[in-house]
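Asker: Guided by the hints, dock chains A, G and Y onto chain L, whose structure is given.
There are 4 protein chains.
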Amino acid sequence: MADKLNVITIVGSLRAASYNAALARQLPKWAPAGMSISSAPSWAGFPIYNADDQAKGFPADVEAFADAVHKADGVIFVTPEYNYGIPGGLKNAIDWVSRLKDQPFKDKPVAIQSATGGPVGGARMQYHLRQAMVFLNAFTFNTPEIFVGLAHTKFDEKLEFKDEAGIKFITQQLAVFEGFIRKVGGK
Amino acid sequence: MADKLNVITIVGSLRAASYNAALARQLPKWAPAGMSISSAPSWAGFPIYNADDQAKGFPADVEAFADAVHKADGVIFVTPEYNYGIPGGLKNAIDWVSRLKDQPFKDKPVAIQSATGGPVGGARMQYHLRQAMVFLNAFTFNTPEIFVGLAHTKFDEKLEFKDEAGIKFITQQLAVFEGFIRKVGGK
Amino acid sequence: MADKLNVITIVGSLRAASYNAALARQLPKWAPAGMSISSAPSWAGFPIYNADDQAKGFPADVEAFADAVHKADGVIFVTPEYNYGIPGGLKNAIDWVSRLKDQPFKDKPVAIQSATGGPVGGARMQYHLRQAMVFLNAFTFNTPEIFVGLAHTKFDEKLEFKDEAGIKFITQQLAVFEGFIRKVGGK
Amino acid sequence: MADKLNVITIVGSLRAASYNAALARQLPKWAPAGMSISSAPSWAGFPIYNADDQAKGFPADVEAFADAVHKADGVIFVTPEYNYGIPGGLKNAIDWVSRLKDQPFKDKPVAIQSATGGPVGGARMQYHLRQAMVFLNAFTFNTPEIFVGLAHTKFDEKLEFKDEAGIKFITQQLAVFEGFIRKVGGK
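Residue numbers (the numbering used here), protein chains in the order written: chain L, 1 to 187; chain A, 1 to 187; chain G, 1 to 187; chain Y, 1 to 187.
So here's chain L without its partners, still in its complex pose (with noise of 0.2 Å):
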C-alpha cells in the first residue's frame, strides 16, 4: 500500500455550533488507518464572486483554499443543505476556484456527507453538488451515501455525534472512499 491518504473536509456552514462541522471535526475517528483527514482553509472571508473583481486577481484566501484541494488525495463535502440545494456561501467557494486556470476539483476523487434538521438528511442538495462535480470533472464517490437527518437528535450538548448508525455508515464510507481514491487517483 502507498502512503497514508491526505483528505481534507470542506465544510459548507459557517455557523459555530454547526452540526456540520462538528460532524467533520470528528471524522479522523472513523477513519481507516491509510487515511488522515484535516480541514480545509475556510472560505468565510472569499467575496461573492464578480468577474471583474477576478479580472484584477485572485484573493489569497481563493489560491490557499485551492491549493490545499490540489494538494489534497480526496475531498469530503461536509455540508448542509439551503433552500432544497447547495448553501450559497458554499457554492460561491466553488465557483472560485472553478475561474482558476488549473482549477483543483479535476480529477479529484470526491465524497459528500449531509447533516440536516428534517428528515431526508440533505439528499437534495447533494445531486446539485454532483452536478456541479460534473461539469468540474472531479470523481464523485457513490455509496454509501451520508445523510443525516434529524440531526439535532443525533448529537450531544457537546456537539459529539451520537449516533450508531450513523458512525457505522459513516465509518464504512470512509473505508470505501480510500479503496476508490486509490483506485481513481492511482495512490
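Mixed in with the good hints there might be a few duds.
Any copy will do: because identical chains look the same in the list, a pair fits if it lies in one copy or spans two.
Stated by the list, open to error - Derived pair list, reagent style BS3-like, types lysine-lysine, alpha-carbon separation capped at 27 Å:
hint, residue 1, residue 2
1, Lys168, Lys187
2, Lys168, Lys106
3, Lys29, Lys56
4, Lys71, Lys56
5, Lys101, Lys168
6, Lys187, Lys4
7, Lys29, Lys154
8, Lys187, Lys106
9, Lys29, Lys168
Just so you know, the hints here were simulated from the structure itself, not pulled from any lab data. Since the structure is predicted, the reported quantities are computational estimates derived from the model, not experimental observations.
Answerer: Here is chains A, G and Y on its own, set in the frame of chain L:
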C-alpha cells in the same frame, strides 16, 4: 383588468458587462402593456450567510431586497449558470431572505430566464432554481422557458440583444407570465 | 364554494401489496369535504412507448387514462422511487399521454406523494417528476410535500397506514391542495 | 496496453428511424483503436416492471441484457429525452436489471450521449440518468459530454450523422472514455 403589474428582475451576475444584466435591462421593451418591469435592489453587498450573523439581525440590504420582492406582483430571475448550477452569490441572496420570518417568495409568481456562452443556455441551473422555489413555495412559471445559448453571438457590442427568435420567445413568455400572475396572484 | 372536486390518484407501482397503492386507496379518509378521490384507470397494460406504434394509433388504454386525467380537477401521484428516479412504468405512462395532441397534464393541478422503504422517502424521485411536469405545463403543488420513509414500519399487516404524523401531513396536504385547485383551476 | 475494450451501446428509443439508434450504430467509426463498440441486446420486449412478476423469475430478455452489461468493459447510453427525463422504456429496462442479485451496473464505466430535436440536446435527461447510476454504483464518465441538439439538421436522409463539430466531440469522448475505462476498470 386590474392595475398594471409590478414585476421585478433579479440578476444572477455582478459583472458590469453581464449578458444577463443586459437582458434584464431590456425586458421592458418586450413587456405587455399590463406589466411594468424594474430591477430589484442589488444583492451585491450581502455578506456570505452565517446563522450566527443572522442572530444579530438582518443586514439592511437583505431587508430592502426582501421588501422589493414582497411588493412585487411577480419576479423574473435572469441569471447565468455557474458550474452547472445557481451562481453562489444569487443562491446566497435567496438563502438570506429565506430566513426572514415572512420570507418573500411565498406564493410569489416567478419566471426564469438565463443566458450563457454554451449551447445549453442555462437549463441545468434552471431546474435547481425551481427546486429552491418549491421549498419557498413560490408559483414558478413553466413554459415557454427562456434559454439564451451562445450569448456572445446574440448581443451586439452595446449589449443589445439582437436575436429575433429569442426576442419572440421572451415576448411570448412575458405575455403568458402576465396571465399567470393574474391567475395565481389574483390580480 | 363550487362543486366537489374530482381528484384522481395515479399509482407508480403495480405490485399487489404496494405501499403506495395502499396509501392511494386510503386517501379518501383524509380528504377535505370538498374533494372526492378515486383511482385513475391502470397504465399496467400500456406497451413500452415506440413512436412507430404511436403512428398506428394510440392504444385504448392510453386514451382512457388520458381521458380520466382530462376530466379530473386534480391529480395526485402516489409512487415509489426506483433507482433514485421515476419508476419506468409510470414514466412510460406519462410519455404515452404526453404525445396526445391534447396532452392532459396541461394546466392540471398535480400533487405528489411517495412511500419508500428507505429513510429519504422518495425525495429524489419527486423532483424528477416535477421536472417532467414543467414540460407538460402542469400546476405542480409545492408544500407540504409527502415523503413516507421507512414505509414497512408505518403500514400494518392489512396495509393500513398507521403513522400519526404522516396522516397529519397528508390531511394537511389534501386540504391545502383543495385551495390550490380552486385557485389555479378556477374551480 | 491490455486487450481491446468491449463497449456496448444501450439505445433509449425504439423507433426504427431513431436518431439515437442511428448515432449508436455509427459510433464504431469514431472509436479509438483500443475499443470495439457493439449493440446491447434489445430491451424492447421487457414487460413493464412489476415486483410480483419478478417473484416468478426474471424474463430471459432481462437476463440476456444484464449479461451483456456484465461482460462489457464499458457502456454508452445513447438516448433521447422524453418529457425532460429518461424515456420510460429505458428506465424500465434499468429498473428490471437493478433487481438482479448481481446488478450489472455496479462498478461499470458508463458514458452518455443524447440526441434531441430541441436545442438543449438532452441535458435535462442526462443528469437524471446520472442520478440513477449513483444508486447503481456505476463509474459515470464526466466530460466531454455529448448533447446533439437540433438533431434533424445534423443527420442526412440516410441517417448518417454529418455534424463536423459533433463528430469531433464524440471522437474525443470515446478516446477519453477509453482511458477512463482502463483506469477505473483496471483494464
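Asker: Hints first: check each against the structure and report whether it holds.
Answerer: These are the hints, each one checked on the structure:
In this homomeric assembly, lysine 168 and lysine 187 come within 27 Å of each other (Cα to Cα) only inside a single copy, at 25 Å, whereas the closest approach across copies is 32 Å. For the identical chains of this complex, lysine 168 and lysine 106 are inter-copy neighbours only, at 22 Å across copies versus 30 Å inside a copy, given an alpha-carbon limit of 27 Å. Within a single copy, lysine 29 and lysine 56 get their C-alpha atoms no closer than 42 Å, and across copies no closer than 34 Å, so neither meets the 27 Å cut-off. Taking identical chains as interchangeable, the C-alpha atoms of lysine 71 and lysine 56 lie at most 27 Å apart only when both belong to the same chain, with a minimum of 25 Å there against 37 Å between chains.
Taking the shortest alpha-carbon separations for lysine 101 and lysine 168, only the inter-copy value of 24 Å comes in at or below 27 Å, while the best intra-copy value is 39 Å. In this assembly of identical chains, lysine 187 and lysine 4 lie within 27 Å of each other by CA distance both inside one copy and across copies; the values are 9 Å within and 25 Å between. In this homomeric assembly, lysine 29 and lysine 154 come within 27 Å of each other (Cα to Cα) only inside a single copy, at 17 Å, whereas the closest approach across copies is 35 Å. For the identical chains of this complex, lysine 187 and lysine 106 are neighbours both inside a copy (16 Å) and across copies (22 Å), given an alpha-carbon limit of 27 Å.
Taking the shortest Cα distances, lysine 29 and lysine 168 sit within 27 Å of each other inside one copy (12 Å), while across copies they are farther apart (40 Å).
Violated hints amount to a single one, hint 3; each of the other numbered hints is respected by the structure.
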